[in-house]
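Using the hints provided, position chain B relative to the given structure of chain A.
Residue numbers (the numbering used here), protein chains in the order written: chain A, 1 to 372; chain B, 1 to 398.
Hints in this document: simulated from the structure, not taken from any laboratory.
Please note that the accuracy of each hint is not assured.
[What the hints assert, rightly or not] The list that follows gives simulated cross-link-like pairs (lysine to aspartate or glutamate, EDC-like), each with its CA atoms no further than 20 Å apart: (1) A:260 / B:136; (2) B:107 / B:63; (3) B:107 / B:191; (4) A:268 / B:136; (5) A:268 / B:385; (6) B:255 / B:291; (7) B:193 / B:122; (8) A:41 / A:17; (9) A:260 / B:385; (10) A:268 / A:254; (11) B:141 / B:218; (12) A:268 / A:278.
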Amino acid sequence: MDFTFTEEQNMLVDTAERFVSKEYGFETRNRIIGSEAGMSKAVWQGLADLGLLALLVPEEEGGLNAGPVETMLVMSALGKGLLVEPYLSSAVMSTRAIAALAGAEQRAEWLEQMLAGTLIVAFAHDEHGARHDPLAVETRAVRIGDGYLLDGRKSVIRHASQAGMLLISARVDDGIALFAVDRDTPGVRLATYPSVDGARAADVFLEQVYLPESRRLGQGDSSDTLLAVLDTGLAALCGEALGVLQRSLDTTIEYARTRKQFGVQIGKFQALQHRMADMLIHVEQARSMTYLAAVRVLDNDAARRAAALSAAKVVVGEACRFVGQQAVQIHGGMGVTDELDISHCFKRLFAIEKTFGSALDHLDRYRRTLAA
Amino acid sequence: MDLNFTTEDQTFREEVRSFLRDHLPSGVRHKVLNGTHLDRDDYLAWQRALHARGWGGPSWPAEFGGTGWTPVQQYIFDEACAEAGAPRLVPFGLKMVAPVIMAFGNKAQQDRFLPPILAGTEWWCQGYSEPGAGSDLASLKTRAVRDGDHYVVNGQKTWTTLGQYADWIFCLVRTDPDAKPQRGISFLLIDMKSPGITVRPIITMDGLHEVNEVWLEDVRVPAENLIGEENKGWTYAKFLLGHERTNIAGIGIAKRELARLKRIATSETRHGQPLLQDPLFSAEIARVEIDLMALEITNLRVLSAEAENRAPGPEASILKIKGSEIQQRLLELMTEAIGPQALPFDRDAMAAGYQGDYPLAAYARTPTWQYLNLRKLTIYGGSNEIQRNIISQMILGL
Numbered sequence: 001m002d003f004t005f006t007e008e009q010n011m012l013v014d015t016a017e018r019f020v021s022k023e024y025g026f027e028t029r030n031r032i033i034g035s036e037a038g039m040s041k042a043v044w045q046g047l048a049d050l051g052l053l054a055l056l057v058p059e060e061e062g063g064l065n066a067g068p069v070e071t072m073l074v075m076s077a078l079g080k081g082l083l084v085e086p087y088l089s090s091a092v093m094s095t096r097a098i099a100a101l102a103g104a105e106q107r108a109e110w111l112e113q114m115l116a117g118t119l120i121v122a123f124a125h126d127e128h129g130a131r132h133d134p135l136a137v138e139t140r141a142v143r144i145g146d147g148y149l150l151d152g153r154k155s156v157i158r159h160a161s162q163a164g165m166l167l168i169s170a171r172v173d174d175g176i177a178l179f180a181v182d183r184d185t186p187g188v189r190l191a192t193y194p195s196v197d198g199a200r201a202a203d204v205f206l207e208q209v210y211l212p213e214s215r216r217l218g219q220g221d222s223s224d225t226l227l228a229v230l231d232t233g234l235a236a237l238c239g240e241a242l243g244v245l246q247r248s249l250d251t252t253i254e255y256a257r258t259r260k261q262f263g264v265q266i267g268k269f270q271a272l273q274h275r276m277a278d279m280l281i282h283v284e285q286a287r288s289m290t291y292l293a294a295v296r297v298l299d300n301d302a303a304r305r306a307a308a309l310s311a312a313k314v315v316v317g318e319a320c321r322f323v324g325q326q327a328v329q330i331h332g333g334m335g336v337t338d339e340l341d342i343s344h345c346f347k348r349l350f351a352i353e354k355t356f357g358s359a360l361d362h363l364d365r366y367r368r369t370l371a372a
Numbered sequence: 001m002d003l004n005f006t007t008e009d010q011t012f013r014e015e016v017r018s019f020l021r022d023h024l025p026s027g028v029r030h031k032v033l034n035g036t037h038l039d040r041d042d043y044l045a046w047q048r049a050l051h052a053r054g055w056g057g058p059s060w061p062a063e064f065g066g067t068g069w070t071p072v073q074q075y076i077f078d079e080a081c082a083e084a085g086a087p088r089l090v091p092f093g094l095k096m097v098a099p100v101i102m103a104f105g106n107k108a109q110q111d112r113f114l115p116p117i118l119a120g121t122e123w124w125c126q127g128y129s130e131p132g133a134g135s136d137l138a139s140l141k142t143r144a145v146r147d148g149d150h151y152v153v154n155g156q157k158t159w160t161t162l163g164q165y166a167d168w169i170f171c172l173v174r175t176d177p178d179a180k181p182q183r184g185i186s187f188l189l190i191d192m193k194s195p196g197i198t199v200r201p202i203i204t205m206d207g208l209h210e211v212n213e214v215w216l217e218d219v220r221v222p223a224e225n226l227i228g229e230e231n232k233g234w235t236y237a238k239f240l241l242g243h244e245r246t247n248i249a250g251i252g253i254a255k256r257e258l259a260r261l262k263r264i265a266t267s268e269t270r271h272g273q274p275l276l277q278d279p280l281f282s283a284e285i286a287r288v289e290i291d292l293m294a295l296e297i298t299n300l301r302v303l304s305a306e307a308e309n310r311a312p313g314p315e316a317s318i319l320k321i322k323g324s325e326i327q328q329r330l331l332e333l334m335t336e337a338i339g340p341q342a343l344p345f346d347r348d349a350m351a352a353g354y355q356g357d358y359p360l361a362a363y364a365r366t367p368t369w370q371y372l373n374l375r376k377l378t379i380y381g382g383s384n385e386i387q388r389n390i391i392s393q394m395i396l397g398l
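The following block holds chain A by itself, in its conformation from the complex:
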C-alpha cells in the first residue's frame, strides 16, 4: 500500500498549479468565458509549452506517456482554476483514443499537432436519449465505395465549436467505430451554445458526411477501446472534481473566518462548523474514490473497471452536490452572486455531476452489477 506520489508527480502538480495561479485568475477567467470563442488560445499554448498537452501522448510521438495518476493530478490542478479550455476532451480523451486506435500515419499527423497546441480535437460521443448508456450509439457510418457516409446527431458536445477536428463514434456493420471528422467537412453542422459552467458546447448534426477510409481509426469493432476511453475520461473528471471541491471548501472556510454576524465570525457557530466538517468528509471520500478510479481505470476486466468507476462517480457526484450547495448556503446572499467565485465553483460542480452520467445514473449502473 502506498498513497504517496513520486517526485516527478509532485513536480507535475507544481507545474500545473503554478500555471493556473499565475495565468488563470478569476478576472482572467471571466474575460475568457465572456469572450466570443469561450476559451483562450494563449492559455492553450501555455499548456502546450509546459508539456501538459503531451501528458498522454506515447513516447514515440514525443509525448510523456503518463498514466491515470498523472492525469488525475493535472486535472485536479486545472480544476482548482475552473479551467474552461478543452483539456479533458482533447488532451485526455481524444489523445487516448488516437494513441490506442490510430494507425502510424494518423498518429504522426494528429498527435504532433495536438501536443504542439495547434490542433484541438473534441471527443464527440454522447447522443440525445442515450442517457450515458455508453454503447447506445445511433449515429451510422455506411460504407460507400472507398469511404463512409455518416448520418446522426451528437448531443451536448463540449468544445465542438473550438475544435479543428471531432472524434465521432458511429455504428458500422461490425460494431462501433471512431471517425476523425474535420469540423468544416461538408454536411457537418453545429448548434453552439454556452454551457452552464461558462464553457462552450454544441449539438453536432451529421448529414451525409463523406469520409475516406483514412479517417477511420482502427479496424473492426472498437467498442472495447471506446469504453476504455470513456472510463479514462470519467477518472480524469473525478480528478477535476477534486480540485473544484477543494477550492470550494477552502473558499468557504476562509469566508466563515472573516464574515461576522451577531458580533462574531460565522465560523464560530457550531451549526456551520458541523456543516463544514461534513463538507470535508465528502471531499475526503471523493478523494479516496478518485484514487480508486485512477488505479482501476487500467483494469482490463471491463466489468470490474466499470463497477469501480461507477462507484467513484456516485461518491464524487454526491460530494459535488453537497459541497457545492453548502458552499453557496454558507456564503449567504453573496453565494448566489455572479461576482464571487463560489457561484462559479457551484456551477462547475453541478456540470461535473451531470457529465458522463449523474450520480443516480451510476448508482443504477452499479446496482445492476450486484446480481450479475
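For chain B alone, kept in the frame of chain A given last:
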C-alpha cells in the same frame, strides 16, 4: 379529526378555480407552468385582473378594500392560483408594507399608500438587508437624521428584489445610534424618485438581474413618511416578518412543480422506459411527494390553529424550512430527469416564444436556471439556519 375543508370552503375553491380558468392571462400561465422568467408586466397584469374581480388584496381585511377572507380561504386561494399557473403575488407591497401601514400607519398614510398597492399601480421594494446586516438584521447602519420636517438618509441597502421596478421602498433606518441595536431603528417610506437614490444591479449566478443594491446619499424624506413612532421600527419590522404565514410553505407551488416533474419524467426515458417507471428515479419522486404530503398536513394544522386565534408563532419556521427544501429538491430532480440536457445554458432560448435553433426539448430549457435561482430559497426571508435557531429557542426552549 377531519382533514377535509368544509362545504363552504370547497365551494369557494371552485369559485376561485372558475375565475382562474376565465381570467388568468394565458401567456402568463404558460410562462409559469414552463418555468419561464416573468417580467414586470406579467406580475402587474395578474394583479390588475385580481383587482378587477375585487380580489386585489386576498390577505387584506375588507375595511381596506381587501377580500376579508379567513386564513383558510387565503390558503385555498393561494394553492388554487399556484396550481393553475398564476404568478405569485408580488409580496413587497401587498404582503409586507401594507399590513404594517394598516396596523401602525395613520389615516393619511393608509389613504395615500394602500389603494395603489391594491390596484397594482405602485410597485414597492424592501429596504431591510445591508452588506453587513443579513441574518443579523438589527446591526443595520443606514442612518436617518431629523432635519426640520424631513429626515436625511444615508446608507446602503442590498438584496433589494426587483428594486429596479419600484416606485417606493420601505426602509429600516437607524435614528438613534446610541440606543441598543433594536431600539434605535425607525420605519420609513421613501420615494424611489428622490434625489440621492441610486439603484445598482446585482447579477446572480443564473445571469439574471433580480436583486439590487440601493444607495442612499443625503436623501430627504418628509417626516410624514415615518410609520408609527420614531425608534419603534424594530417592532414593526418583526410584525412584518411574522405576518405572512399562510403561504410560506408554498404548498401550491410545490404541487405544481411536482406535476411538472412527473410530466418531464414521462417524456424522458432510461433503458427504454419512462423515468416515472424507473425504479431509482420513481423512488426519488415518491420520496418528495410523500414529504410534501406531510408538509401539507402540517401546514393545515398551523392554519387551523391560526383560524382559532391560537397564535401560530414559531411553527412557521417549520413551514419555511421544509417548504424551501422541497422546492429545491423538485428542481434538482427536474435537472436530474433531463440528464445531459441540463448543461446547455442559453438565456435567449429560455424566453417565452423562442423560435431559434436550440436543440433541447421545450421542457428541458428552464430547469437548470431555476435550480440555480432557487438556491436563494434557503437563504432569504430568514435563512434556514436562522429558522432552526428560532425552533431551538422558541419551541424547544434551548
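Okay, the hints, checked on the actual structure:
Simply put, residue 260 (chain A) and residue 136 (chain B) have alpha-carbon atoms about 9 Å apart, close enough for the 20 Å limit, and the pair holds. Restraint check for residue 107 (chain B) and residue 63 (chain B): the C-alpha separation of about 12 Å stays at or below 20 Å, so the hint holds. Distance restraint check for residue 107 (chain B) and residue 191 (chain B): the Cα-Cα separation of roughly 19 Å lies within the 20 Å cut-off, and the hinted pair is therefore satisfied. Between residue 268 (chain A) and residue 136 (chain B) the alpha-carbon distance is near 15 Å, which keeps this suggested pair within the 20 Å criterion.
Under the criterion of a C-alpha separation no larger than 20 Å, the hint pairing residue 268 (chain A) with residue 385 (chain B) is consistent with the structure, at around 14 Å. Restraint check for residue 255 (chain B) and residue 291 (chain B): satisfied, since their Cα atoms lie roughly 11 Å apart, inside the 20 Å limit. Our distance criterion of 20 Å between C-alpha atoms is met by residue 193 (chain B) and residue 122 (chain B), whose separation comes to about 12 Å. With a C-alpha separation of about 19 Å, the suggested pairing of residue 41 (chain A) with residue 17 (chain A) holds against the 20 Å cut-off.
A threshold of 20 Å between alpha carbons decides the hint, and for residue 260 (chain A) with residue 385 (chain B) the separation of about 15 Å falls inside it, so the pair holds. This hinted pair checks out: residue 268 (chain A) and residue 254 (chain A) have alpha carbons roughly 12 Å apart, not beyond 20 Å. Proposed proximity of residue 141 (chain B) and residue 218 (chain B) is supported: the alpha carbons are some 14 Å apart, at most 20 Å. A C-alpha spacing of about 16 Å is found between residue 268 (chain A) and residue 278 (chain A), which places the hinted pair at or below 20 Å, so the restraint holds.
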